[in-house]
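Novice: For reference, the chains in residue letters:
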Amino acid sequence: MKNFTSVKDVSDIKYLINKGLEFKKNPLKNAYQGKNKTLCMLFMNPSLRTRLSTQKAAYNLGMNVININLNSDSWKLEMEDGTIMNFDTQEHIKDAIKVISTYCDIISIRSFPELKNRSIDGEDKILKSFLKYADIPVISLESNTLHPLQSLTDMMILTEMKTIRKPKVVLTWAPHPKAVPQVVANSFAEWTNEMDVDFVITHPKGFELDEQFMHNATIEYNQDKALENADFVYVKSWTSTENYGQVSDLHSDWTITKEKMKLTDNAYVMHCLPVRRNVEVTDEVLDHPSSLIYHQVKLREFAAQAVLSEILTNGNN
Amino acid sequence: MKNFTSVKDVSDIKYLINKGLEFKKNPLKNAYQGKNKTLCMLFMNPSLRTRLSTQKAAYNLGMNVININLNSDSWKLEMEDGTIMNFDTQEHIKDAIKVISTYCDIISIRSFPELKNRSIDGEDKILKSFLKYADIPVISLESNTLHPLQSLTDMMILTEMKTIRKPKVVLTWAPHPKAVPQVVANSFAEWTNEMDVDFVITHPKGFELDEQFMHNATIEYNQDKALENADFVYVKSWTSTENYGQVSDLHSDWTITKEKMKLTDNAYVMHCLPVRRNVEVTDEVLDHPSSLIYHQVKLREFAAQAVLSEILTNGNN
Amino acid sequence: MKNFTSVKDVSDIKYLINKGLEFKKNPLKNAYQGKNKTLCMLFMNPSLRTRLSTQKAAYNLGMNVININLNSDSWKLEMEDGTIMNFDTQEHIKDAIKVISTYCDIISIRSFPELKNRSIDGEDKILKSFLKYADIPVISLESNTLHPLQSLTDMMILTEMKTIRKPKVVLTWAPHPKAVPQVVANSFAEWTNEMDVDFVITHPKGFELDEQFMHNATIEYNQDKALENADFVYVKSWTSTENYGQVSDLHSDWTITKEKMKLTDNAYVMHCLPVRRNVEVTDEVLDHPSSLIYHQVKLREFAAQAVLSEILTNGNN
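In the order they appear, the protein sequences are chains A, B and C.
Numbering (the numbering used here) for the first sequence: 1 to 317.
Numbering (the numbering used here) for the second sequence: 1 to 317.
Numbering (the numbering used here) for the third sequence: 1 to 317.
Don't read these hints as lab results, they were simulated from the structure.
You can trust all of the hints, since none of them are fake.
Given that identical chains are not distinguished, each listed pair holds provided it fits within a single copy or across any two copies.
List time: in silico DSS-like cross-link candidates among lysine-lysine, alpha-carbon distance up to 25 Å:
id: 1; residue 1: Lys-37; residue 2: Lys-19
id: 2; residue 1: Lys-298; residue 2: Lys-162
id: 3; residue 1: Lys-35; residue 2: Lys-24
id: 4; residue 1: Lys-24; residue 2: Lys-98
id: 5; residue 1: Lys-76; residue 2: Lys-116
id: 6; residue 1: Lys-98; residue 2: Lys-298
id: 7; residue 1: Lys-35; residue 2: Lys-2
id: 8; residue 1: Lys-298; residue 2: Lys-132
id: 9; residue 1: Lys-19; residue 2: Lys-8
id: 10; residue 1: Lys-76; residue 2: Lys-128
Kindly produce the complete structure, drawing on both the sequences and the hints.
Specialist: Okay, here's the thing in structure tokens:
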């Protein structure tokens, strides 16, 4: 594995999932693999889980970590090639990336879609620039289109917690007071489609996810019907596709409640956090023993560690 | 010791003071105690001494350190339980704390009182939330009510520098152009009351400190009388209690000057810094050989190290 | 070497250059020299190269690093001695520096000139305060007057890349949409004057650099004439001296282009970055094989490492 930005970068998903689950058992088993190697973590927006879990994973491998809050610690970046840089941007992204590549061994970057124009967000310009100009492996800490570290974590959970051979996994849209990215939902779909599960996605009309990631999934507009006999319910809000980036009518009947959960087969509830409590999901569901939200938090560390370890092993071949 | 948020968390104060003074002699005596352990330091307001001294103390023990500036690096936190999170806050504090607890071994938090309502500040909601939700030991890096790392430092100084069995220790209010918290003064009182000293507190009327921390202290409204024969003079401004959070008439006659110091028994001067020079205390007093202000700075490192070491030893029992 | 703030701090420049070039060959040759030593890096403005390269250099030597963004992580600093601190500043710089000196072994500071008054910038007050009050060695990460880590890097490049005994080195002014400091240009001149080269500086009238750093250099106002037979062309914009801090008429004919480079003897192009592409230098020159801009980036790490290593060896004698 050279880079880690999508499920497409992973040649053997099961192997990577199992590598993560092994680190869960023994976080320090490769405590010297990253000695004298440096991970650079670049953030263009707030992050708590990703910041902490990835840094901890790097420490577990003995790596050094350098954090940069791009745009505040550093300079304003020019994105376009060939520009006469006579205005506000202070450094071309290709120069900034060359600089970071020079001093570090692995580069990781967190960007955030503007939520103004879906096709522009879909181009994922920041991440693409890193893949184009970096001379070292690139890890996405969430891009404008996908969140592969979260999805690998979620696949580790499905693998670990399933009690039947082919569980029913339901990804359900949920209400939110703000327009939030489609990134986690698309990414969950991209990865879940590689798993041996019965995969159903449910959302109101007008909230269709990106078709390129949906292929094997059943789309069901009736949430109650979708939830029937579910083994896992993955809750996530995302912005409308029809009115992209706009806050929609809240669809408050889509909130996941104790009553809704009764339709399932005692399903586990998952959410990547941060969660709007009592808007996306009620407290009693989130704090119920069948909630896996904090277990997802825990496994983020070992997903990141598996990815870092794989890249340290193979990334420079 | 599980947590460190008040003198009440300490079962044997003398032992902890001596542990700190031993680290002063040999900072690297437990250089591997914290190997593969991670300290998370969370800041909700600026910090220089605390940030540096605690991080250095952790390094002395071989720990990893992760710094987070809450509210800028991370998400806006919801403090109330059961809220329908339909507004501005992005993550519930209980979820954020669970996340941090997951990846780290010790959590430390610096908050700052709003200085609008004394009883609300007195509830110390942020720190209480950490104590309620964290699964790991919690260290206060200064809360809305107390600053135990500073006070432990100050007790180490009293222990180390006293030349008579029972010295006279005077805590005096001082002028300041802004309303500043009562935190350091309350905390100094809480700890000094556990020491074998003659303890006098002096301040203008209307600046009374929190009664729960005052018990053995003599309150003297006449500053000159209070300073008589003092062995240690601890200077600190704090906001009025009567007009809480408001800037008061400056009481400029309360500034500690060379003339005021002549009333004492060649007392040492202490201040926790940052100090408003020539407002709280004059330059000639702060920069005089009997000033302990930089010695206090130095011992902050070893106070933090004693606390971290104790928690590493006993915190998870 | 006690401090590193100017070429004047270096007793043997060739030795330091060679030390840097040796670290380039083997970055980990002194991997334990800095064990249990702490470098504090203080930033008063954005930094990417300096932040990353210096931190990496410290890691190569096994040091701990503490980063502080002054003025946001910490308190507003009072610069004047004897002030009655009754206004906006919260901590006197001498107290802040004593604090940092206490916990760290080497202090490094990046400041930025205000570009309002040339003689005030020339006083370099921030750096001078650190030299006055710090009890530990001080490294300039770029001050209001000089950028010695960049210049040492550039001297390493001249040493490594020159193909004739005494190459012609041309420092040329370039256009820029903003007024930018004269710091890098002055510093390059200060160091280049110590090298065995034919040194020419070219700029429009009114952009004269600081005379104290110019001594051996030839000043040539005709850029084309200056570039003739050059072996190295060092490009950098700086603010007008006549209209200090103001954006000048762009002098767009001073942009370094492929045509301009034809006047040289196949010269290498250097720029310290960040560069305004197609304003200071065109893309085709910056991205040409004779461009050394990324090589300069690489050697910044080893320049910093040579300086840190020298100070660790000799700084506390």
